[in-house]
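> In case you want the letters, here they are:
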Amino acid sequence: MARKKEEKDKLYLSDKPPLTLFGKIGIFLSYVILFAWVYAIIWPLFQMFVSAFNGKQQQYIMANSNFEFSVRHFQYLFTETLYLTWVKNTLIIAGTTAILTLIVVSFTGYAYSRYRFKGRKASLMAILLIQTIPTFAGITAYFTMHSIISAIIPQFTRQMMLILIYTGGSIASNTFILKGYIDSVSTELDDAARIDGCSNFNVYRLIIMPIARPMLTIIALWSFIGPFMDYLLAKVLLTNPSSYTLAAGLYTLVTDFRTMNQPAFAAGGLLTAIPIVVLFMALQKQLVSGLTSGSVKG
Amino acid sequence: MGKYNVLLVDSIGNTYERKNKYLLELAVLDEKIKEEKDKKIRNELKKQRKEIKRNKNKHEYIVSLKDFERKEKDFLKALKKESKDYRNALKDEKTSRRVKNLKVKLFESEKKLNFYKDYIDLSYEAEFECEKARLETIHLPNIIEFLTVSQDELRTAKEEKKELKNLDESNLKKEFKEFKKAQKEFLKKEKLRIKKLRKEGLISKKAEENALIELKKKYVNALEIKRRESKKFSNKEFIKSKKYDLKKGLNTMIKVMEADISDFRRKIPIEIEKTIPYYSYLTILIPGLGQGLNKQYMKMLLFLLGSAFIYLIAIPYALGYGNYQGQGIAGLINLAEGGLRIHKSIIFMIEGIVAVFLSIIALAIFVISFIDVNKVEKNAIKGIRPSTWKETKIAISEDGFPYVVSLPALLIIIFIVLVPIMTTFLLSFTNMDPQHQSKFTWIGLSNYKMILTGQGLAGRVFWLILGWTLVWTLVATTLAILIGFILALLVNNERIKAKRFFRTIYLLPWAVPAFITIMFFSIMVAPGGVLTEILNDLTGLRIEIKNNPTLTRIALILMQGWLGSSYIFILTTGVLQAIPGDLYEAADMDGATAWDKVRRITVPLVLFQTAPLLVTQYTFNFNNFSAIFLFNGGGPFNPIKYGNLAGSSDILISYIYKLTMDNQYQAIGAAITMFISIGLMLFTFIGFRNSKQFKEGRL
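Going line by line, the protein sequences match chains D and R. Per this note's numbering, the first sequence starts with residue 615, numbered consecutively. Per this note's numbering, the second sequence starts with residue 16, numbered consecutively.
Since the hints were derived computationally from the structure, they do not count as laboratory data. One or more of the hints may lead you astray.
[What the hints assert, rightly or not] In silico DSS-like cross-links for lysine-lysine, where the CA-CA straight-line distance does not exceed 30 angstroms: (1) D:K732 to R:K282; (2) D:K899 to R:K220; (3) R:K673 to D:K732; (4) R:K512 to D:K899; (5) R:K220 to D:K849; (6) R:K310 to D:K732; (7) R:K310 to D:K899; (8) R:K673 to D:K849.
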């Protein structure tokens with residue numbers, strides 16, 4: 615045994631050429647840079663983490679204050695703010711948006727990929743151009759539109775308006791992405807199914823949808839995460855703190871002096887970020903492929 | 016005056032002789048008139064034609080046709096009675112209603128076949144009826160037999176079920192449980208065995224996975240087979256499958272019959288006296304009516320719904336009825352001028368735009384309906400039979416499919432995207448500002464003029480802000496791309512270990528919602544914040560980032576570099592991993608240095624693949640409202656240089672936000688929005704026109 619080990623130490627087993635001194639310095643520098651960036655990423659996040667658990671932090675997060683482990687900021691978050699309501703609101707808005715987007719987009723993506731109908735090219739071009747206009751452009755109209763609709767249908771809340779805006783805003787780009795994905799699926803499968811007597815809808819349901827499921831999952835995921843990330847529309851459109859989404863709600867903890875509590879913001883931010891980060895890590899591969907395949911393969 | 020053709024055409028293009036001798040005579044004359052050059056003879060022929068038309072009712076063929084029509088009427092009347100009697104006679108038979116209906120239909124078809132076959136030479140109508148009846152007499156007996164046999168089987172199975180109800184199968188259940196247990200045990204053992212094989216390295220991971228899947232399948236199958244031993248269970252399954260069979264089989268058989276009939280519909284032409292498609296012109300104003308005159312009743316109902324939409328919703332709305340406050344399209348022009356105090360111009364404008372869109376939809380319905388009626392009529396004149404609802408339904412589900420399924424998307428885009436954008440577009444030509452909130456008027460291009468010449472309260476700082484916006488976009492995005500790209504390259508080096516660790520950490524800035532990190536950065540650089548204190552300790556100065564325009568801008572760019580690099584890193588890593596290794600090996604053989612390889616292989620490949628996404632990164636940062644607004648609210652403020660409306664780190668989108676939301680300069684904000692949007696659209700359009708998909712026409 616011992617001899618074997620010795621041999622292993624002596625023998626150069628890798629199929630890569632041995633490193634020169636220059637190469638060794640290069641590798642060392644690479645590690646330095648990589649770890650420096652790791653530090654640059656971890657440090658601010660770590661600061662947030664620490665502030666959230668530091669009982670000594672008062673209304674403002676200050677440097678130089680000592681550390682004392684405490685969960686009182688979390689307690690504050692749950693008892694003094696409407697954090698749980700915001701979570702609920704965001705989940706409802708995000709879930710509905712994801713479902714609506716999925717339903718609408720799955721049909722348009724299929725139609726644009728598989729059918730050559732009149733006005734297809736023109737409308738695709740229109741979609742492409744429309745999606746470049748920021749959703750924010752229509753903000754003045756959204757207000758008034760909501761007041762008009764809610765005057766006719768009193769049940770129409772601002773949250774519903776928000777859902778519609780999110781959905782409408784994501785149709786164009788997602789149609790493009792899904793179309794690109796379905797384009798890469800061979801039409802031979804469809805043809806075979808059609809010969810066997812499948813209707814158009816059944817071709818979609820039985821053939822295309824199972825194949826496109828990864829992309830549909832990604833579209834659903836992105837439209838679900840969207841409302842968690844968006845701050846602008848939520849803040850502008852929602853006026854009542856009990857109807858806020860997470861982004862708009864947490865923002866009040868750092869700007870509004872009446873509700874100002876920065877450590878509580880750090881705690882809330884932490885709680886919000888963790889599930890999303892876990893989701894991203896678990897689905898990293900799919901999320902990235904969703905980003906690239908839409909535009910690269912087209 | 017329309018002319019008749021001698022031959023009839025069907026939808027496939029086959030030609031047929033006319034059977035209507037009267038029309039044939041006219042058609043032959045028409046042809047002669049057309050070919051005749053001598054005016055005199057032509058007039059003579061025309062006179063002859065008129066004569067024939069005047070004596071139409073005395074024409075030999077018409078007389079016999081009338082005779083046939085009379086007989087047909089009597090026959091149908093008698094048939095109705097006869098089939099009623101026949102149905103009554105069937106009453107006592109022990110079959111289901113459906114079978115009885117089919118039998119009555121068969122009875123009718125036989126009678127019809129008998130009647131119409133004498134008139135085949137007289138008219139195509141009779142020929143068609145005859146063929147239809149003939150096909151029905153061929154198909155219906157099979158269907159009836161299939162139905163009776165299946166229903167009988169189902170009935171016996173159901174009776175069996177009743178008998179089985181009291182059968183005690185607890186023994187079997189117990190047996191099954193034991194069997195399941197044994198199978199489970201077996202499954203477990205096999206699993207362990209396979210895992211052991213894998214551990215010893217005798218099989219690959221894939222083989223292990225496959226073996227496990229196989230095993231699971233075997234287990235389930237064994238259970239299913241065992242379950243069939245129970246009589247109750249198999250009876251249940253039998254009933255289920257028979258029911259399904261019955262439904263599917265019946266549907267298919269009826270479909271086949273209908274398809275056969277449709278075939279004849281296409282092959283047997285129609286002969287009508289009409290020569291001008293005047294229905295379509297007469298009914299142009301009421302979609303649905305023309306379809307009714309063409310005897311396509313389901314289509315008529317659909318288009319009547321369209322009519323209802325036009326006359327009950329679109330037109331009244333466009334005229335101002337049923338508006339919330341506005342006056343339809345008129346409101347778009349007067350913008351509530353001289354209206355009541357509570358009347359708001361913006362509402363008038365939006366309702367006007369909605370009215371315009373509704374009118375466009377209405378117009379589209381008019382056009383579609385007209386084209387539809389016109390086409391059917393023209394075809395009928397040529398000899399093509401109008402399609403039945405069933406055929407239309409198939410046509411809609413095939414050619415109309417993309418339109419039907421895109422409809423919800425279209426509606427959402429019209430009302431949620433297009434109407435607001437149109438509103439913004441129109442607002443930019445008005446004077447909506449703090450003094451004109453409730454009532455404003457059209458002022459033409461003044462807003463754009465003000466922006467372009469840099470005048471006025473809001474326009475003064477436009478160019479300043481645009482300059483910073485461009486700097487911000489270019490520098491921040493490029494920085495992020497560089498950082499992300501370099502890191503990806505370094506991590507991808509084959510000698511670097513702990514790749515997974517780096518990749519996980521570098522994912523974080525992208526995964527943590529941006530608004531949280533931006534707000535926290537903002538907290539850290541505030542006076543007394545962690546970063547500020549560190550900087551102060553390092554430099555010994557009292558640095559206040561948030562009060563210094565230059566420092567704020569630098570901090571913003573660095574922060575965006577931190578935030579944006581993550582996404583680029585992930586993207587680039589994905590591409591790098593897909594680059595085939597032999598490219599590098601080949602380069603090694605030719606003696607390329609590491610730098611050469613990066614420069615000539617890696618960078619071009621990555622750039623080529625991610626270019627469109629990198630472009631979107633630039634447009635994203637151009638509109639990156641959250642970074643600017645959440646970090647320092649666009650500040651610090653510098654009223655001397657920037658006025659009261661904007662701060663020194665504001666970019667266009669946050670400036671628009673401040674104009675419209677905080678200071679109510681909606682019109683100027685809208686003008687700047689249009690400016691940005693048009694710029695972005697051009698940018699995208701040019702970029703897209705140069706892309707591969709567009710050039711190859713693969714859109």
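> It remains to establish, for every hint, whether it holds in the given structure.
Against the structure, the hints come out as follows:
no.: 1; hint: D:K732 to R:K282; verdict: 29 angstroms, holds
no.: 2; hint: D:K899 to R:K220; verdict: 21 angstroms, holds
no.: 3; hint: R:K673 to D:K732; verdict: 43 angstroms, violated
no.: 4; hint: R:K512 to D:K899; verdict: 20 angstroms, holds
no.: 5; hint: R:K220 to D:K849; verdict: 51 angstroms, violated
no.: 6; hint: R:K310 to D:K732; verdict: 27 angstroms, holds
no.: 7; hint: R:K310 to D:K899; verdict: 58 angstroms, violated
no.: 8; hint: R:K673 to D:K849; verdict: 13 angstroms, holds
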